[in-house]
Amino acid sequence: MDPFGLKTTALAFAVATSICARAIKRKSLTPSGTVAAFAVGFLSVVTGLRGMSLLVFYQVATKATKYKAELKLKQDATAESSSQRGPSQVLACSALAVALGLWHAYKHGAERPIDFAQYTQQSHLACAILAHHATCLADTLASELGMLATTSPVLITQPWRTVPPGTNGGVTVWGTACSALGGFIIALATILWDAMSGLLAFGDVTYVLQILMFGSICGLAGSFFDSLLGAVVQETYWDEERKLIYHAHTENRPKTAKLLTGSDILNNEQVNLVSVAITTFLGGYVIGPFIFGSA
Numbered sequence: 000m001d002p003f004g005l006k007t008t009a010l011a012f013a014v015a016t017s018i019c020a021r022a023i024k025r026k027s028l029t030p031s032g033t034v035a036a037f038a039v040g041f042l043s044v045v046t047g048l049r050g051m052s053l054l055v056f057y058q059v060a061t062k063a064t065k066y067k068a069e070l071k072l073k074q075d076a077t078a079e080s081s082s083q084r085g086p087s088q089v090l091a092c093s094a095l096a097v098a099l100g101l102w103h104a105y106k107h108g109a110e111r112p113i114d115f116a117q118y119t120q121q122s123h124l125a126c127a128i129l130a131h132h133a134t135c136l137a138d139t140l141a142s143e144l145g146m147l148a149t150t151s152p153v154l155i156t157q158p159w160r161t162v163p164p165g166t167n168g169g170v171t172v173w174g175t176a177c178s179a180l181g182g183f184i185i186a187l188a189t190i191l192w193d194a195m196s197g198l199l200a201f202g203d204v205t206y207v208l209q210i211l212m213f214g215s216i217c218g219l220a221g222s223f224f225d226s227l228l229g230a231v232v233q234e235t236y237w238d239e240e241r242k243l244i245y246h247a248h249t250e251n252r253p254k255t256a257k258l259l260t261g262s263d264i265l266n267n268e269q270v271n272l273v274s275v276a277i278t279t280f281l282g283g284y285v286i287g288p289f290i291f292g293s294a
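Using numbering that gives the first Met the number 0, read the sequence shown as starting at 0 and increasing by one per residue.
Check before you lean on any hint, since a few could be wrong.
Stated by the list, open to error - Here are the simulated lysine to any residue pairs, SDA-like style, with alpha carbons at most 25 Å apart:
#, residue 1, residue 2
1, Lys65, Ala148
2, Lys26, Ala13
3, Lys67, Glu240
4, Lys26, Lys65
5, Lys24, Val59
I should point out that these hints are in silico values taken from the structure, not numbers from a laboratory.
Whenever a hint applies, use it, and build me the whole structure from the sequences.
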């Protein structure tokens, strides 16, 4: 599909409208977050069908956030506020991919198969965008579903130290598996979009396996960087009386909550943005060429 073509524009408008309508109905986005979601939804899809992965991310992430929300609220005092996403959270999970998609459309036109020998620059950008979405969904699933693990998390910087669920930088085997699942889901969506747009040749099993491997690895890598940053540059507080996790900027944090890990350098949205940026670059220029074969 041609970027900014009539069909692509109509599809982009429909997708963006669908995202906003669902957000309003489910109250998953704030009013300003809904406006931001419309903008990024439209700009993502109008540049190519792979931008539809943003819709997949939104749908899956919303379900994961709402899943067993009451149980998560008993462990993490910030769980309730994170159930509604504002513009900063929307942009942290989309702005870079939108910018790369617009640049691809401007410089190279329509999407191409990931083939570094024939479409070198297009493949770098395609892998970077795929890595971006894989990281965002992987981090969301690791955070929202990882909290429900039956085993205690360990701090990623001190794996011998157990920490309460919800601690920034806390990891479990279950949460790590959720990270890989997030990347895998985005990879499956990419395969579907490529098949619909004619970029995937029928029976090309190697290309399918490469995309699935790439998405899963990027999901794991992105979640690793997010956890590492969270453990170091985000403060986590633990209230022994209430048995609740609080973060640095949690409103009405009780005085009984004591610093558990980290330093107050970045907030959650900033950590997401940095981890996404790192994995986007690695996906486009290191992991992608390694898996798909460089020119």
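Practice task
Check each numbered hint from earlier against the structure, then list the numbers of those it violates in ascending order.
Solution key: none
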